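Number of protein chains: 2
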Amino acid sequence: MVIAVDAAGGDHYPESPIQGAIEAVNEVADLKVVLVGPEDLINNELADQEYDRQRIMIQHAPEIIEMNESPAQAVKTKQKSSIVTGVGMHKAGKCDAFVSSGNTGALLAASTFLLGKLKGVSRPVIAAIYPTVKGVRLLMDVGANLEVRPEMYLQFAQMGSIYVREIMGIDDPSVGLLNVGEEEEKGTDNLKEAFQKLNELPNFVGNVEGRDIFNARADVFLCDGLVGNILLKFGESIPEALEIFVKRGIQQLDMGAEETQLVGKVLKASLNEFNPDRVGGVPFLGVDGVSMVGHGSSTPQAIKNMILNAAKCIEYNINEKIVASLN
Amino acid sequence: MVIAVDAAGGDHYPESPIQGAIEAVNEVADLKVVLVGPEDLINNELADQEYDRQRIMIQHAPEIIEMNESPAQAVKTKQKSSIVTGVGMHKAGKCDAFVSSGNTGALLAASTFLLGKLKGVSRPVIAAIYPTVKGVRLLMDVGANLEVRPEMYLQFAQMGSIYVREIMGIDDPSVGLLNVGEEEEKGTDNLKEAFQKLNELPNFVGNVEGRDIFNARADVFLCDGLVGNILLKFGESIPEALEIFVKRGIQQLDMGAEETQLVGKVLKASLNEFNPDRVGGVPFLGVDGVSMVGHGSSTPQAIKNMILNAAKCIEYNINEKIVASLN
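Sequence lines, in order, name chains A and B.
Numbering-wise, the first sequence is residues 3 to 329 according to the working numbering.
Numbering-wise, the second sequence is residues 3 to 329 according to the working numbering.
Take these hints with a grain of salt, some might be off.
It does not matter which identical chain is meant; a pair holds if it fits inside one copy or across any two.
[Stated by the list, open to error] Derived EDC-like pairs (lysine to aspartate or glutamate); straight-line CA-CA distance at most 16 Å:
#, residue 1, residue 2
1, Lys-82, Asp-42
2, Lys-82, Glu-68
3, Lys-78, Glu-68
4, Lys-136, Glu-245
5, Lys-270, Asp-256
6, Lys-136, Glu-242
7, Lys-82, Glu-65
Hints listed in this document are in silico derivations from the structure and should not be mistaken for laboratory results.
These numbers were taken from a predicted model, which means no experiment stands behind them.
I would like the entire structure built from these sequences, with the hints used as guidance.
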């Protein structure tokens, strides 16, 4: 199995992707990784590392797509970027997956244009991992489609269910449609129609509300990319905001240094579920290939876990299962 | 000043509204309250209370709209409900405001139909209070309009700014449009058009993202009722979910009873901003009257604060200021 890794993406390249790739290779016996990015940059970083030279290779890609570049424009003009090169390698069969913690929009655009869609898929979707009190669950779409038609929700539900079952290990995953109320007549006309389409699925639990997310009332939460993107970024902001809320609480109670430290320790342990490093990355479901994107701030651990997730997608033939489910 | 209070709304009627009304009257010298609901129920609750009989009156309304009833249907068929009676009294000039912690949809429907809209207002909006690290801010719409046209966002911004400045006491309030990115070309066509309309306002800070809410990057966060309702209910679920997250953290660290108690105390103090009782209720902005709704679980303190907020809306001529700003 060969997985290509974007060595020039994210906030901490090349250290994070290269270190993460080395760790992944050390963990999985039959895994090979191709580091994609500017050769000098990669060689420089690899110079002081110990690693298996038979299983970590380099693919030179001199251009870098920055985090804030306009995706469509960047993919068009930077054909020699690590992202376009990596996805191109995947298309050409030179690797089984490509993972990046770089520009999400650019990776999505390159993946959609170059790899194409799986048979029967109307639109690819970004499925994000969301913390709940029962462990992480899936929230989708989080930005690929700002407007989602009813039949797209149905496909998202099918693709998400397979991902949650196969990769996240949740048996009989349930699907909920995020809405303003539980009753089937709630929401916009579009959501009402989506409810009817989703009702065909045996694992659809109906409309769910904002308060149902943290309780994991569903394993797959469906929404349009606008709702999902706002919820995703809001969720990511919770740990830092809580730190500020708690600091203020501590001041209010006039606590000593030892007690303050204790509270900090508890808070850190409590918010483990919010740590994006544990999951590493999220897939673009519906593209004809395995393409995953990680958080810009990905640590080596995050990159390693993203690579392991991509390996699972390959091993478990996720895409074949999606095609079978849709057609 | 006379404020009518729904004595048969919310999860804890008649205790909460009646107790809250008594507290409000004790706090504000020139305030009179009319308790609206089934006479017997109210008299029974008032029997063992000490209160100023000159300033707390009763308006009999035998019917009760339950929390889960379909709003339009309930308003139509229960003409003698506390909600329809209370709003009707306001329309007839028998009180200066009506507040309720009952069925939000029914109160919105009754307010819109009976009171009508302020001059120049296209659609009334529910403006909710949202916790941030800088104190509470305004999130709107949270459910009155699931789809919001660009010119409606502009009106929401103007109405929200006035409410935040006059009632919440934030000078020069800023307005942000919730979107998937900061750049003005982000989002749906509708949001792009809304951005252009909002750009006419001197206090518009542009698009804001999910991560900007807790940081209070704006004082008024604009979104459609679908996004707002999901965010509102999600936000309300945070304290309870955190308790579970923290309990797990405590177990993980194998902490003693004393330490556990300490952490619980800190958490409670830290999440004070999330306590809906502090604010009490939120207004329907744009209706020709003062109509406020509180959380179903409202305590007497919440009802008292909602009454005081309604009093402020009357005193500061919120609606006159809104009409002047729009026309």
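For the identical chains here, do Lys-136 and Glu-245 meet the 16 Å Cα criterion within one copy, between copies, both, or neither?
-> between (22 Å within a copy, 13 Å between copies)
Are the CA atoms of Lys-136 and Glu-242 at most 16 Å apart within a copy, between copies, both, or neither?
-> For Lys-136 and Glu-242, only the inter-copy Cα distance (13 Å) is at most 16 Å; the intra-copy one is 21 Å.
From the Cα coordinates, with 16 Å as the cut-off, is the pair Lys-82 and Asp-42 best called within, between, both, or neither?
-> within (15 Å within a copy, 80 Å between copies)
Should Lys-270 paired with Asp-256 be assigned to within, between, both, or neither, using CA atoms and 16 Å as the limit?
-> For Lys-270 and Asp-256, the Cα distance is within 16 Å only across copies (14 Å; inside one copy 21 Å).
Status of Glu-65 relative to Lys-82 across identical chains (alpha carbons, at most 16 Å) | within (5 Å within a copy, 72 Å between copies)
Pop the pair Lys-78 and Glu-68 into one bin, within, between, both or neither, using alpha-carbon distances up to 16 Å.
-> Cα proximity of Lys-78 and Glu-68: one copy only (14 Å, versus 58 Å across).
Quick one: Lys-82 to Glu-68, C-alpha cut-off 16 Å, is that within a copy, between copies, both, or neither?
-> within (13 Å within a copy, 63 Å between copies)
Every hint, counting from the list given before, is met by this structure.
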